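Chains as they are written, first to last, in my numbering: chain A, 1018 to 1535; chain B, 20 to 311.
Any given hint could turn out to be false.
As the list claims (entries may be wrong) - Cβ pair distances, simulated, as ranges:
#1 A:PRO1030 - B:VAL33: 41 to 47 Å
#2 B:LEU47 - A:ASP1416: 28 to 34 Å
#3 B:GLU67 - A:LEU1210: 40 to 46 Å
#4 A:ALA1052 - B:ASP78: 41 to 47 Å
#5 A:LEU1210 - B:ASN132: 55 to 61 Å
#6 B:HIS203 - A:ASP1416: 38 to 44 Å
#7 B:ASN132 - A:GLU1338: 40 to 46 Å
#8 B:GLU198 - A:VAL1183: 24 to 30 Å
In short, the hints are calculated from the structure, not lab data.
All values derive from a computational prediction rather than experimental measurement.
Note that beta-carbon positions come from the ideal geometry of N, C-alpha and C, so glycine has one too.
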Amino acid sequence: MSESRYDWAAPWPSTSHGVEAYLDVPRELIPGALAALREHHSARLTSVFCEDRVMTEQCFYNYYVLESPAQRAYLVLRAGIPASDPVFPSVSAAFPSANWQEREIQDWFGLTAQGHPNPRRVALHDNWPDVHPLRKEFSAVAELPFAGEQHVYRPTLGEGVFQIPVGPVHAGIIEPGHFSFSVAGEPILYLQLRMFYVHKGIEKRFEQLPVGRCVALAESISGDSSFSHGVAFCQALETVAGLEIPARAEAIRTILLELERIYNHIADIGAIATDVGFVIANAHASRLREMLFVLNEGLTGSRLLRGMVCPGGVRRDWNREQVVELSETLRQFETEFRDLMDIIESSDSTRDRLEHTGVLPTEQARELGVVGVAGRASGIDRDVRRDHPYAAYRHWTVDVPVYTEGDVLRRMMVRVKEIGGALFLIRALLASLTDGAHRVPLPPLEQGRVALSAVEGWRGEILHWIRTGPNNRLERCRIKDPSLNNWPALVEAVKGNIVPDFPVINKSFNLSYSGTDR
Amino acid sequence: MFKILSKSASTGVVTTRYPETAARVSPLFRGAPKIKFARWSDARPAAEACPTEAISLCDAGSEREVTLDYGLCTFCGYCAEADLSGAITMTNEFALAVRARQDLTLIARYGLNGDGTHQELQSVEQGSVVHEPGQTEAAIQRVAKVLGRSLAIREVDAGSCNGCELEIGALNNPIYDLERLGIHFAASPRHADMLLVTGPVTRNMELALLKTYNATPDPKVVVAVGACGISGGIYGKSYAITGSVGEVVPVDVFVPGCPPRPEALLQGILIAVGRLEQRFLGLRFNNEGFAS
Ligand code: SF4
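This is chain A alone, in the form it adopts within the complex (with noise of 0.2 Å):
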């Protein structure tokens, strides 16, 4: 097949439903269609997921999506890769977001990413026998011996040069990785990841539950993005099923993920406050997050929002009361917010803690494929609430603020100005609020149809696409959490920083272990 049968440059196909359109693309040619569609699409390769339909297809494919800042819609290029000869080109060299990923693709599935430069494994560790748990043939059950420790760091050369080795459990109360410093004095020369400590098989038990088990199962990828979760799974099914969902719910949905956004928001602004040893600011902000979990508690039944969205809408609908206890607390919550921002705005201390601090500069944000708070505070302006809108965002337009210094400050303005931003739209949806039913059921889905769904969570995109299988179960649900992408991006803003600015940098991120590893 000839290069001359595509022509990249054209607009990309609309979409029959969903937000996205497919290409079947063969697999030798997608290095190739990859670099035309950034060069002529500025196109950005966001994820790379592989599925196994050797049983019915005898091969596997291979999808890449991208997204582009000038088409509407998500192109999902599909490359067969035939069971009998399981290799595919890697193209992580050109495109760094797809270096985990790819990987990701030779651990689960057993297929070999030719020319990839940092094949070793990755999701599972050195210590796992040679499985691929993701095979439709594998057991999603099975008990595996440990099969030895044999993980290498890069080592650290250089006279005066030596390595901090931190984690996998840290000091704090947070998630598990481990990290190795190498630094000469004071400054960090390049930091090492080692992730997926948190890896639970979550995309592989999605393939075992009946449908409306998942939802659960999607609220619990990342705690602190439950709700975000919920609705882009939730809304794979819907548009599989073709299901238009109630006006009221969509509005109860927008503003439960603009609540969610806040809530993981004041808490960062506060961490970072803390990071910079201004601890009575955190208290303030722990506070006010205490505030809202107290208001999710009372809108949903959880204080993380969870329980909450369903296929075709949301489980509780809200009485009068609920909303004006809602409107109420973010009342009390915008001034104590507003409170909170004079205090650390006065701080020239904390400002010149924060100030270039963890610069990660925007054309290595964007060759890294860095979304959501992260690139915007690195020129990078996407926000898929306005360029691919969902729910109750396709009627309203979204600010979305961007800098382009990238620095730890900026991480935490984009998040002032985003909850200013969530805060207004949430009035609005609520003035705005009409009756009407908040959930219609789901039909049974039909099988073999597939769908992505995607979702600004607070951090950035989510993406979820699925295929639907027999028995309203799933054949494959494959989860992008923006941490995925974001990663490589906090190796890149600490170098040249010194050690003890790291964690201030690490939370301006504050990236998810249990989203990236599933």
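Got chain A sorted already, so can you dock chain B with the ligand onto it with the hints?
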């Protein structure tokens, strides 16, 4: 500086006195489900809806055995929504921490009808299926004596979704302010008296958890946090998961919830060091209402 002081003054004291006073819980909070076993006519819809198999059935011949395991339950309320007989209600109850894993399980037996519904309740009893070794009462008292009223906790995330960490972190906020009780979080297991472990324990974290446990000086206590820490929860059995916390290290107290709210965590922590009595037993919870 003036701004900081005036803000503090206008904020005042926000800290709760729990457990001295009752927790402030919204009536809309979804706590543990309560099942009126005698009123139940069909366990199937609830069992089918339950995402974690906290309600599970075993039909054999003309007998049906229903197991309810609060160690698996995430308080999601799907069972109450699916159940047609109205036997299941979601309560406000959250303070369910127990010393013995089996205190969280109940087994109800029914005669089975031909159409899959069940007949009258024959018996309900405390589950005995799960046995995970923890410390004896005497050992707990010894620990309590050694520690006095001061306690250092090392938190270990052995595989959670981070939901439990959010609530554990909240214990440090001015509302719950753990330090008022002489309790604080330590940065190293070597400084800790207690491990607060969230799960499920993944295969990739098993060794780290063991090493952390071994690095913690004796006497020490272990608290397993959340449905996943207690039982693996929503993630179930998986190639990537070793199992519950209790399958890797000995556990002294189990704190149900998904995640457990801060007061529930606090209750579990205090039970583990003998400063609070366990108040929950599955049987009492379901047949006679809550007893404290
Ligand atoms: S509330 Fe508990 S028992 Fe009921 S469905 Fe949810 S997890 Fe299962």
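A quick look at each hint next to the structure:
no. : hint                             : in the structure
1   : A:PRO1030 - B:VAL33: 41 to 47 Å  : 56 Å, violated
2   : B:LEU47 - A:ASP1416: 28 to 34 Å  : 32 Å, holds
3   : B:GLU67 - A:LEU1210: 40 to 46 Å  : 41 Å, holds
4   : A:ALA1052 - B:ASP78: 41 to 47 Å  : 59 Å, violated
5   : A:LEU1210 - B:ASN132: 55 to 61 Å : 57 Å, holds
6   : B:HIS203 - A:ASP1416: 38 to 44 Å : 41 Å, holds
7   : B:ASN132 - A:GLU1338: 40 to 46 Å : 43 Å, holds
8   : B:GLU198 - A:VAL1183: 24 to 30 Å : 26 Å, holds
In terms of the numbered hints stated before, the structure departs from hints 1, 4, listed from lowest to highest.
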